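Residues per chain, in single letters:
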Amino acid sequence: MRRIISVLLENEAGALSRVVGLFSQRNYNIETLTVAPTEDPTLSRMTITTSGSNHVIEQITKQLNKLIDVVKLADLTEGTHIERELMLVKIRAVDSERAEIKRTVDIFRGQIVDVHPQMYTIQLVGTTEKLDAFIESVGAALVLEVVRSGVSGIARGARTLSLVPNPVRVSS
Amino acid sequence: MEQLSGGDMLIRSLQEEGVNLIFGYPGGALLHVYDAIFRQDKIQHILVRHEQAAVHMADGFARASGKPGVVLATSGPGATNTITGIATAYMDSVPLVVITGQVASHLIGEDAFQETDMIGVSRPIVKHSFMVRHAKDIPLIIKKAFYIATSGRPGPVVVDIPKDMTNPTDKFDFEYPKSVSMRSYNPVVDGHPLQIKKAIDTIVAAKKLVIYVGGGAQHGQAHIHLKKFVERLNAPVAMTLMGLGAFPCTHPQALGMLGMHGTYEANFAMHNSDVILAVGARFDDRVTNNVKHFCPDATIIHIDVDPASISKIISAHIPIVGSVESVLKDLNSALDKKTIDRERFKTWWKQIESWRNRRCLDYPKGEGQIIKPQRAIESLYRATKGEAFVTSDVGQHQMFAALYYPYDKPRQWINSGGLGTMGYGLPAAMGVLAAAPGSVVACVTGEGSIQMNIQELSTCLQYNFPVKIINLNNHYLGMVKQWQDMQYGGRHSSSSYEDSLPDFVKLVESYHHVGIRVDRLDDLDAAMDECFRMTNRLVFMDIHVDPSEHVYPMQVRDGNMADMWLSKTERT
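One line per chain: the protein sequences are E and G, in this order.
At position 4 of the first sequence (counting the first as 1) the number is 3 in numbering that gives the first Met the number 0, and the numbers step up by one without a gap.
At position 49 of the second sequence (counting the first as 1) the number is 48 in numbering that gives the first Met the number 0, and the numbers step up by one without a gap.
If you are wondering where the hints come from, they were derived from the structure by calculation, not from laboratory data.
All of these numbers come straight from a predicted model, not from anything done at the bench.
Some hints could be false.
[As the list claims (entries may be wrong)] Away from chain G, derived, C-beta distances all over 12 Å, residues of chain E:
id, residue
1, S16
2, G20
3, N28
4, E30
5, L32
6, H80
7, R91
8, Q122
9, L123
10, D131
11, I134
12, V142
13, R147
14, G149
[Stated by the list, open to error] The list that follows gives simulated cross-link-like pairs (lysine to any residue, SDA-like), each with its CA atoms no further than 25 Å apart:
id, chain 1, residue 1, chain 2, residue 2
15, G, K135, G, G17
16, G, K135, G, R38
17, E, K61, G, G17
18, E, K65, G, S178
19, E, K71, G, P186
20, E, K71, G, H127
21, G, K567, G, N535
22, E, K61, G, P176
23, G, K291, E, M0
24, G, K135, G, P176
25, G, K311, E, T60
26, E, K61, G, H127
27, G, K349, G, G385
28, E, K61, G, K135
29, G, K142, E, E9
30, G, K291, E, E57
31, G, K177, E, E9
32, E, K61, G, L418
33, G, K311, E, D39
34, G, K135, E, D39
Glycine is no exception: its CB is placed at the ideal position from the N, C-alpha and C atoms.
Please put together the full structure from these sequences, using the hints given.
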């Protein structure tokens, strides 16, 4: 089953390689991984999407927690959550195709961020499925280049993953 | 405030940690540090002949004493030579601080002379690692390194120090931190009271209980609480290779080692149990055999300080995260409130006695003057009255030393269980002697393993480590040959050295040690006694044993715990 694991990580040199190394060392699957510093410059926030049986996911969270640089983590898929991915995509757009593509972009609430006589560069934000669906609607034949950010996720409601204690804490 | 250079801060920090011995080998990147060592007299440096051996020595030191071992190795090849030692310590949860030199900061990444990305190379086999980026951080990093190495599930920590960080002309205020706390690292010590209660309820209701003891029970005072608990319950105890001695092997409730080469009674008791209390053990594949068939009727209670070890291989019905010492103490307290019917295991013990009567460790004595390897270990046990520290290498001799020398004390049996590192035994024995000078230390080895770190005979001469090397010489890589005999139709692919073995007696004599060759059974006991009479000398006993001998019992591959070969022809 697909899971989204959020990790608060010490913003130290080498911390990222410890996480990535753990996944390859223990033969766990990584589908996407995003990482960036947070409002607290000593912390990075990482979102990993992975898949595996419950047993494997339990091991992944335990092994991640064992890394000294991991401060806290939560499996977002255990509760309701919001996930977003950013995609930049270059699409061939010539003649009559241009209008049709523009319509599709509007339907998906994307934006055309760069225009060229033969192509559009489109920015789209959404869940992984939405981005996949966009590519499918446009048709793979027109897609010239795709860049995806990987998933970033956050829990819905009062739950937060942070150092500050809060009334309803996500499991850590 | 005192002003010190990075090199001096490093050595002072080690002194503050109570370190009095370092095992290492100098080189360009560490010359400032070695100069700092020269200018003090609180820490002695043992100069090894190969960095791998330095790590094994520190490891033997740590396992014998319970204190962290410290290693110093230079950048590049010095650092990479430590890798096998670090991996060995990692697999067996041994607290080490391995300090490696690194090329100067401005050269990092330029493929400089003797540059290796040590943090990268060692990453999968360390508990944690640090690269020093500012010399002033050295005291805090060393404090953290020792804290991490020794707390929770112990393990090796690498500290990589670029040469310019130890420059004698750059000085900083030195103050060693009194304590350290890390927001991302807070190992659990005490077990959850609810889990303790569940565990004790299950234990007192059990009819066929087995206590399965691993290396985690070697730490602190765990063995005292363990013995008390086990005796109050009158429960049988099976030990892993790493757990031997945490409960006395000669105790009437001890069933000996379990697993691949475990005893008939230990493996049968496990397989037929209704409750297993796993104490600091991790259900290694050398224990469980095929996990699908593992102990089908058992409720598993698992105590481990490392949550990731629980339910990794075998799902625990009652997990207890905490140090073995603390949890056993709490289990004893919880037991106070229970009435224990000592008769309730009567039927269980009767069954176990019937398995014991199979006498699975009996072996054919052989003809004439042939020396069976088992017999050599029995001779060692007799000559040392069962009280020696025994280290071993890896292979048949290791299993014979585990099965035929019953260890009664924790930390007495020291071997590379997880990684299975040939070449471990001799340097580990040296480390034991460094930790406990004057004690009797035997290294049980084979002619294959001993050659993997034999250069340390020279270090033994320099620092007078009177290790007693018990070389079970069968002219083969015995365990490889055994598997080839059993599974590859006796095709001995690259498991013999033909006639290229050295004359070990002459070899050790060239290092001014004593060598004794034993070929005849009649000479064995007298030679063994003579060996241990020479308390201040390194003695190399080259004992020529029966090359056709196999280690039994041996689990049948892919079976359950109780599927075993008991000899070349009998199986369960």
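Checked hints:
no.	hint	verdict
1	S16	violated (7 Å)
2	G20	violated (5 Å)
3	N28	holds (17 Å)
4	E30	holds (22 Å)
5	L32	holds (17 Å)
6	H80	holds (23 Å)
7	R91	holds (41 Å)
8	Q122	holds (35 Å)
9	L123	holds (36 Å)
10	D131	holds (34 Å)
11	I134	holds (36 Å)
12	V142	holds (36 Å)
13	R147	holds (27 Å)
14	G149	holds (23 Å)
15	K135/G <-> G17/G	holds (21 Å)
16	K135/G <-> R38/G	holds (20 Å)
17	K61/E <-> G17/G	violated (33 Å)
18	K65/E <-> S178/G	holds (21 Å)
19	K71/E <-> P186/G	holds (14 Å)
20	K71/E <-> H127/G	holds (17 Å)
21	K567/G <-> N535/G	violated (42 Å)
22	K61/E <-> P176/G	violated (30 Å)
23	K291/G <-> M0/E	holds (23 Å)
24	K135/G <-> P176/G	holds (12 Å)
25	K311/G <-> T60/E	holds (12 Å)
26	K61/E <-> H127/G	holds (16 Å)
27	K349/G <-> G385/G	violated (28 Å)
28	K61/E <-> K135/G	violated (34 Å)
29	K142/G <-> E9/E	holds (18 Å)
30	K291/G <-> E57/E	holds (19 Å)
31	K177/G <-> E9/E	holds (23 Å)
32	K61/E <-> L418/G	holds (22 Å)
33	K311/G <-> D39/E	violated (34 Å)
34	K135/G <-> D39/E	holds (24 Å)
Figure legend: structure checked against the earlier numbered hints; hints not met, in rising order: 1, 2, 17, 21, 22, 27, 28, 33.
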